[in-house]
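All chains should be modelled from the sequences, with the hints used to inform the complete structure.
Number of protein chains: 2
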Amino acid sequence: MSDNLVISIDAMGGDNSPKIVIEGLSIVADRNPDVSFLLFGDEEKVNAMLKDYPKLRNVCEVRHSTDVVSNEDKPSQVIRNRSTSMYMAIDAVKKGEAQAIVSAGNTGALMAISKLNLKTIQKIHRPAIVSIMPHRTGRYVMLDLGANTECDAINLAEFALMGNIVAKNALGIERPKVALLNIGAEEMKGKEEIRQAAQIIRSSKMNMDFIGYIEPHQIGDGVADVIVADGFTGNIALKSVEGTAKLFMRIIKDRVKKSIFAKVGVLFMLGIIFKIKKILDPRLYNGAMFVGLNGLSVKSHGGTDALGYYVAVDNAIKMVRQDFVATIRDELEKVDLDELSQEIIYDSY
Amino acid sequence: MSDNLVISIDAMGGDNSPKIVIEGLSIVADRNPDVSFLLFGDEEKVNAMLKDYPKLRNVCEVRHSTDVVSNEDKPSQVIRNRSTSMYMAIDAVKKGEAQAIVSAGNTGALMAISKLNLKTIQKIHRPAIVSIMPHRTGRYVMLDLGANTECDAINLAEFALMGNIVAKNALGIERPKVALLNIGAEEMKGKEEIRQAAQIIRSSKMNMDFIGYIEPHQIGDGVADVIVADGFTGNIALKSVEGTAKLFMRIIKDRVKKSIFAKVGVLFMLGIIFKIKKILDPRLYNGAMFVGLNGLSVKSHGGTDALGYYVAVDNAIKMVRQDFVATIRDELEKVDLDELSQEIIYDSY
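Protein sequences appear in the order of chains A and B.
Just so you know, we're using our numbering here: the first sequence kicks off at 18 and counts up by one.
Just so you know, we're using our numbering here: the second sequence kicks off at 18 and counts up by one.
Calculated directly from the structure, the hints in this document are not laboratory data.
A virtual CB, placed ideally from N, CA and C, is assigned to each residue, including glycine.
Here are some of the chain A residues that sit facing chain B, going by a computed Cβ distance under 8 Å: (1) Ile200; (2) His234; (3) Ala262; (4) Phe265; (5) Lys292.
Rendered as C-alpha cells:
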C-alpha cells in the first residue's frame with residue numbers, strides 16, 4: 018500500500034486555513050517524499066498558497082469545492098451538502114482515491130460525514146475517538162474519548178483491539194500493554210460492562226498484552242500503553258487531566274507574579290521550563306483519530322499551527338503505512354467477540 | 018444541638034493509631050471547647066496517650082474494644098463483629114450518644130457498617146461520599162466519589178440537594194453554585210440520567226443556585242461550589258486530578274535534578290513553592306464524608322498526621338453544628354423528588 022500513499026485533505030477546515038494546512042503539509046512532504054495529497058478547497062486560494070512550496074505542489078492535486086462547513090453547522094445539515102471541502106475530502110477516501118482524511122474543521126460534522134460515508138468496519142459495532150497523550154516517560158493511546166456515551170462489554174473489547182493496533186502503528190510499540198480504565202484494581206471493582214470486557218479480552222485469542230484494570234492516577238506513570246474506556250468516562254478523564262494541568266500552571270503563575278524572588282527563580286529555571294513545555298506541548302499530541310471505519314478520519318485541532326497540523330497528518334501516515342484498517346479486519350477474523358461476549362454475559366446470570 | 022456536641026471516634030483506625038488520633042483530637046479540643054468525644058479502642062493504650070493531653074482528657078470518655086478492623090477485612094465480615102472499635106464507634110451514633118463518627122480505618126468496612134447501622138435518611142435513596150477540594154481561588158465540594166457506581170436521575174438530584182447543604186455548612190458559602198458534571202455544556206449533551214437530573218432540579222422547589230452542567234476542565238476555575246456526579250464518574254475525575262498533579266510534580270522534579278541552574282532557581286522559588294504546597298496540602302482536604310445517613314460518618318485518610326486528622330474531625334463538627342441531617346430532612350419535606358422524577362422520566366418517552 019505504501020507504493021501509492023495518498024492522504025485526502027480538507028484544506029478549508031480550521032481557524033487559519035488554508036495557510037496553516039499548506040504550511041503543515043510542506044513539513045509532511047519534506048519528511049515523506051513517497052506520500053501525495055488530494056486537497057479539497059478554494060482552488061484559487063490553495064494554489065496561490067502552494068506557489069511558495071514547489072516541492073509540496075509536485076505531490077498535490079487540488080480539487081475545487083464551493084462550500085465550507087462552519088463551526089456552527091449541525092451534523093444533520095452537513096451530511097446533506099456534498100459540495101463542502103470536508104464532504105468531498107471524505108468522499109475521496111470512500112472512493113478509494115485516498116487512505117485517510119485529515120480535517121481541522123467542525124468535529125461533530127467530521128464524525129457524522131465520516132460515519133455516513135466510510136461506514137463501520139464489518140464486525141466492529143462502534144467507531145471510537147483515539148488520542149495520543151504524554152506520560153512520565155513516553156506516550157500512550159487512549160480511547161474512546163467521546164464518540165460513544167454508553168458502551169457495552171463488546172464495544173470496550175473492540176476498542177482494546179483497535180487501541181492495541183494504534184499503539185503498534187503510531188507509537189511503534191511492539192507489544193503494547195493494554196488496560197481498562199476503572200475505579201479499582203480488584204477483579205470485582207467497577208461497572209458490570211468493564212468486568213465483562215476484561216473476561217472477553219482474556220478468553221479471546223486476541224494477540225494482546227492485557228494487564229487488567231488501571232486507575233486514572235496510575236496513567237501518568239506509564240504503566241499501560243493503551244487505556245480503554247467508554248466515551249463518557251474517557252472524555253471526563255481527558256478533561257480532568259487538561260483542567261488540572263491548566264490549574265497547576267495558573268496557581269504557579271499567580272504566585273510568581275506576586276514575588277520578585279520567584280521571578281528571579283523563573284529566570285534560572287527557563288531551561289527546564291522550556292524542556293517541560295516541549296514534553297507537554299499540545300501540538301505534539303494533535304490529531305484525534307476516528308477509528309473503526311473503512312478508512313481513517315483524523316481531526317486536527319482547529320487552532321493549531323503548522324507543526325501541530327504536521328503531527329496530525331504524520332500520525333495518519335504512520336497508521337496507513339501499516340495498513341491499519343486491514344490489520345483490524347485481520348484481527349477480527351481470528352476472534353469471534355460476539356460469540357464470546359454472549360457466552361460470558363449469559364454466564365453471569 | 019450544639020449544647021451537647023459529641024463526636025464518636027474509632028481510636029484504632031489508621032496507620033499510626035491511636036497516636037495520630039489523640040494528637041489530632043488535642044488540636045480539635047483546643048479550638049472547640051464545647052465538643053466532647055467518645056473514644057473506642059484499646060483502653061490501656063488510649064489512656065496512656067491521653068495522659069499527655071489533660072485538656073483533651075477532660076472532654077473524652079474512653080470505652081474499651083477488644084477487636085480492630087484490619088485493612089484486609091471484607092465488609093461482609095466486619096458487619097458481623099460488634100466488638101471492633103469501628104463497629105462500636107458507629108453504634109454510638111446509632112444510639113444517639115454522638116452525632117458523628119470519625120475513623121481512619123478500612124473505607125469499605127466503614128461504609129458497610131455505617132449503612133447497616135445508621136440507615137439511609139427517609140426519602141434519600143442512596144448515600145454518597147463527599148470531599149472538599151481546592152480550586153484556583155477557594156474550595157468546592159464534590160460528590161459522589163465512589164459510593165454508587167451506577168446512579169439514576171433522582172440519585173443525582175438528591176446528591177445535589179445534599180452537596181448544597183455540605184457547601185453551606187462546611188465551606189460557609191451562603192448560596193452555593195451547584196453543577197452537574199458532564200462532557201459538554203449544551204442542554205442535550207451527555208447521559209440521559211444527567212439530563213433528567215437537570216430537569217428534576219430545575220422543576221423542583223429546591224432552594225438552590227443550580228448553574229447547569231460543568232465540564233471537568235472548568236472545575237479548577239472555581240465556576241461551581243458543588244460538583245455532582247455518579248460515583249464512578251466522580252471517582253474517575255478525582256483520581257485523574259490527583260494523578261495529573263502527581264505527574265506534574267514528578268516531571269518538574271526529574272528535570273530539576275538534571276540542572277544546576279534549575280536547582281538555583283528552586284532556591285529563589287522556595288517561598289512560592291511553600292505557599293503552593295500549603296494551598297494544595299492534602300491534609301487540608303482530609304475527611305471524606307459519607308452523607309445521606311441518619312448521622313454523619315467521616316473517613317480520615319489512614320496515613321495522615323495530626324493536622325489531617327484534625328481537619329477531618331473539624332469538618333464533621335461544622336456539619337453537626339448546623340444540624341446537617343435535620344437540614345436534609347427539612348429540604349426533603351419541601352420537595353417531592355420521587356414524584357417529580359416520575360413526571361419528567363415519563364415525559365421523555
